[in-house]
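Protein chains: 2
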Amino acid sequence: MTPGPTPVPPEVLLAQGSPIVYHRGPGFGRVLREVTEGLQWIYQTKNDIVTFTCSGTGGMESAVVNCFSPGDRVLVVSVGNFGTRFKKICEAYGLDVKLLEYEWGKTAKAADVQAALEPGIKGVLIQHSETSTGVINDIEPIAAVVREHPALFVVDSISGVGGAPLKVDEWGIDVAIGGSQKALMGSPGIAFIAVSEAAWAAHANATLPRFYWDWTAVKKAYERPEPETPYTPAVHLYMGLAEAIGLLREEGLENAYKRHAVLSRATKAGVQALGLDLFGEDVERAVCVTAVKSPEGVDGDKLTALIRAKYGIIFAPGQDVLKGKIFRIGHVGYFERADILQALAVLELALEELGYPVKRGDAVAAAEEVFTQAG
Amino acid sequence: MTPGPTPVPPEVLLAQGSPIVYHRGPGFGRVLREVTEGLQWIYQTKNDIVTFTCSGTGGMESAVVNCFSPGDRVLVVSVGNFGTRFKKICEAYGLDVKLLEYEWGKTAKAADVQAALEPGIKGVLIQHSETSTGVINDIEPIAAVVREHPALFVVDSISGVGGAPLKVDEWGIDVAIGGSQKALMGSPGIAFIAVSEAAWAAHANATLPRFYWDWTAVKKAYERPEPETPYTPAVHLYMGLAEAIGLLREEGLENAYKRHAVLSRATKAGVQALGLDLFGEDVERAVCVTAVKSPEGVDGDKLTALIRAKYGIIFAPGQDVLKGKIFRIGHVGYFERADILQALAVLELALEELGYPVKRGDAVAAAEEVFTQAG
Numbered sequence: 002m003t004p005g006p007t008p009v010p011p012e013v014l015l016a017q018g019s020p021i022v023y024h025r026g027p028g029f030g031r032v033l034r035e036v037t038e039g040l041q042w043i044y045q046t047k048n049d050i051v052t053f054t055c056s057g058t059g060g061m062e063s064a065v066v067n068c069f070s071p072g073d074r075v076l077v078v079s080v081g082n083f084g085t086r087f088k089k090i091c092e093a094y095g096l097d098v099k100l101l102e103y104e105w106g107k108t109a110k111a112a113d114v115q116a117a118l119e120p121g122i123k124g125v126l127i128q129h130s131e132t133s134t135g136v137i138n139d140i141e142p143i144a145a146v147v148r149e150h151p152a153l154f155v156v157d158s159i160s161g162v163g164g165a166p167l168k169v170d171e172w173g174i175d176v177a178i179g180g181s182q183k184a185l186m187g188s189p190g191i192a193f194i195a196v197s198e199a200a201w202a203a204h205a206n207a208t209l210p211r212f213y214w215d216w217t218a219v220k221k222a223y224e225r226p227e228p229e230t231p232y233t234p235a236v237h238l239y240m241g242l243a244e245a246i247g248l249l250r251e252e253g254l255e256n257a258y259k260r261h262a263v264l265s266r267a268t269k270a271g272v273q274a275l276g277l278d279l280f281g282e283d284v285e286r287a288v289c290v291t292a293v294k295s296p297e298g299v300d301g302d303k304l305t306a307l308i309r310a311k312y313g314i315i316f317a318p319g320q321d322v323l324k325g326k327i328f329r330i331g332h333v334g335y336f337e338r339a340d341i342l343q344a345l346a347v348l349e350l351a352l353e354e355l356g357y358p359v360k361r362g363d364a365v366a367a368a369e370e371v372f373t374q375a376g
Numbered sequence: 002m003t004p005g006p007t008p009v010p011p012e013v014l015l016a017q018g019s020p021i022v023y024h025r026g027p028g029f030g031r032v033l034r035e036v037t038e039g040l041q042w043i044y045q046t047k048n049d050i051v052t053f054t055c056s057g058t059g060g061m062e063s064a065v066v067n068c069f070s071p072g073d074r075v076l077v078v079s080v081g082n083f084g085t086r087f088k089k090i091c092e093a094y095g096l097d098v099k100l101l102e103y104e105w106g107k108t109a110k111a112a113d114v115q116a117a118l119e120p121g122i123k124g125v126l127i128q129h130s131e132t133s134t135g136v137i138n139d140i141e142p143i144a145a146v147v148r149e150h151p152a153l154f155v156v157d158s159i160s161g162v163g164g165a166p167l168k169v170d171e172w173g174i175d176v177a178i179g180g181s182q183k184a185l186m187g188s189p190g191i192a193f194i195a196v197s198e199a200a201w202a203a204h205a206n207a208t209l210p211r212f213y214w215d216w217t218a219v220k221k222a223y224e225r226p227e228p229e230t231p232y233t234p235a236v237h238l239y240m241g242l243a244e245a246i247g248l249l250r251e252e253g254l255e256n257a258y259k260r261h262a263v264l265s266r267a268t269k270a271g272v273q274a275l276g277l278d279l280f281g282e283d284v285e286r287a288v289c290v291t292a293v294k295s296p297e298g299v300d301g302d303k304l305t306a307l308i309r310a311k312y313g314i315i316f317a318p319g320q321d322v323l324k325g326k327i328f329r330i331g332h333v334g335y336f337e338r339a340d341i342l343q344a345l346a347v348l349e350l351a352l353e354e355l356g357y358p359v360k361r362g363d364a365v366a367a368a369e370e371v372f373t374q375a376g
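One line per chain: the protein sequences are V and H, in this order. Under the numbering used here, the first residue of the first sequence is numbered 2, with each subsequent residue one higher. Under the numbering used here, the first residue of the second sequence is numbered 2, with each subsequent residue one higher.
What the hints contain is simulated information worked out from the structure, not anything from laboratory work. Be careful, since some hints might not be right.
Note: identical chains are not told apart, hence a pair may lie in one copy or across any two.
Pairs of lysine-lysine residues, derived as DSBU-like cross-links and limited to a Cα-Cα distance of at most 35 Å, are as follows [said to hold, decoys possible]: (1) K311 to K326; (2) K311 to K99; (3) K168 to K311; (4) K47 to K89; (5) K220 to K326; (6) K360 to K220; (7) K303 to K220; (8) K326 to K47.
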């Protein structure tokens, strides 16, 4: 029950345990075409997709080094750990970072972004789903504000895409970054980026140094008669991702969004039924990860350690400033209703063991009510 | 029969098709410890190992950005396509590259490196096994020359390590770069680097920009009570690589070297028995890939295409300046004697079909002789 890597469906495991296809030629070409078209469908975009063998962080770095030049001024909107990471990446490459920073748990506001968007800002970088706090930023109105300004809009949706709506073309997102290992139910190791025409135009003039991350090299390799990557890809992970996308296609995007929303509502109802408080703003939008305040007298780290050791279920502890103060239940990716019921049941037992008063079954019952209502 | 990614043994496929372990904590910690210790064994080194989720090229880039500063003068020794790649990476980051370039097919000479090593050169970058031509550079005497000079010695052994001897500590290699997908029999997607004390010292003062590739971040994450990577790794590929290293441990390193040498000799004897000429210098050292000159009247690209289409066996064509002029038979990694016999047999049929006079069975018989002699 961590916010990624999430469990991997057997169909995907089977694909990545199958004999390898050669990475030059029709075998891998077919896989890459399937992955690319599937990602365009999930992103709801006609923009180009580039992919890399790396973690989501590599995808974030690729966005920075492909779009900007040394000294460029950018606005980083941070609501948690991954916002801080965007800032660090930008600073590592000598960008001039203006930081719009919120307290962890808050969501970003379009009006604040508008106020911060002074002339000369070349890019706005933000998280869609901020994994460290579980909050999901309301990207649509923020995109509307950024569109009125000549800055690229760069959205890290690594733990969001496929779990929460993200309409790249309709909203006007220039660079959308995703990862294989969250809502997409693939194994970790592939980052993918949707690149708008404006982002390609910026890229053409961007002078930050890059080699492995270079988008032009990827695009050129994709345009061969049988699409390839410029350097040897993690072939098996692409084979698995193609399978995972197939599963999402069967389910349907709206159904996947709905599944995530129902699992989220049930989780939240369950923990609240135990008298626990949710952490973060706009919790009804936090469909990928539920962050819960550790109750008085219970250390969140001890709680997650106990649940892991005794029941083999992994909740994520709080990071950084929230260490011990919250715990996080991920429900993005390959999770179903029974997983939530199980997680809430072991939470009841563990809380009781740590001395927090629990009426056994309350959390589970509350979740069951949500599922029954959802049909 | 390409020089990578090579086939993946069933044990490795099974591991990477198994349920995923969480990347923070004891499950992945055990995998990462196994991988790290195994790689130290294969590299014959006590140096630190850092790993990345990426292709071998990413590993090469990590060496450049972690060891050098803008404007640093480096000596790139190039004997083919991957030498050119080292040059391009260095230039992308604004290094001052002195190029010692050999005609494709030649091997590098220690005396030439010595002559090129002028004061002020901060690093020497070279391939161990140059996949594009099949040649393997004699690293030991070159290392001896570089050791007399205050430059870091950076060796790309992506297609060499595990297939041909590489004694990192004994020879004095500061940075050795390898990949999961060649002699190690893993799936592609992990690069690993052995880093000497001198390389760490250089790294501490190196100012090229980096984030994902930063060695310090990797080292810090490895030093946690349960070793981790700083960003989500390709967990399944690490699980597979641990299994692959286990297979190599069972075989023994010297036996693996011997296996590669015997397969190489048999392949070379086979193609020569058909009257074909080997390509490249010091062919007896070229134990990972055999490069063969396309005979008069036969286009190497057509030959490899025919073999792939009609027999489902993939030989690698020539790259760049050698396109059509050579073809390459890889025998690095998960190959055994029967694979070589099969490859030579289909080569006989395909050459005959393209009008080259073949006495059927000659190539296979010559290889059989080598195997019989080897016992």
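Each hint, compared with the structure:
no., hint, in the structure
1, K311 to K326, "within (21 Å within a copy, 63 Å between copies)"
2, K311 to K99, "neither (45 Å within a copy, 60 Å between copies)"
3, K168 to K311, "neither (41 Å within a copy, 45 Å between copies)"
4, K47 to K89, "both (30 Å within a copy, 32 Å between copies)"
5, K220 to K326, "between (44 Å within a copy, 28 Å between copies)"
6, K360 to K220, "neither (57 Å within a copy, 46 Å between copies)"
7, K303 to K220, "between (47 Å within a copy, 27 Å between copies)"
8, K326 to K47, "neither (42 Å within a copy, 41 Å between copies)"
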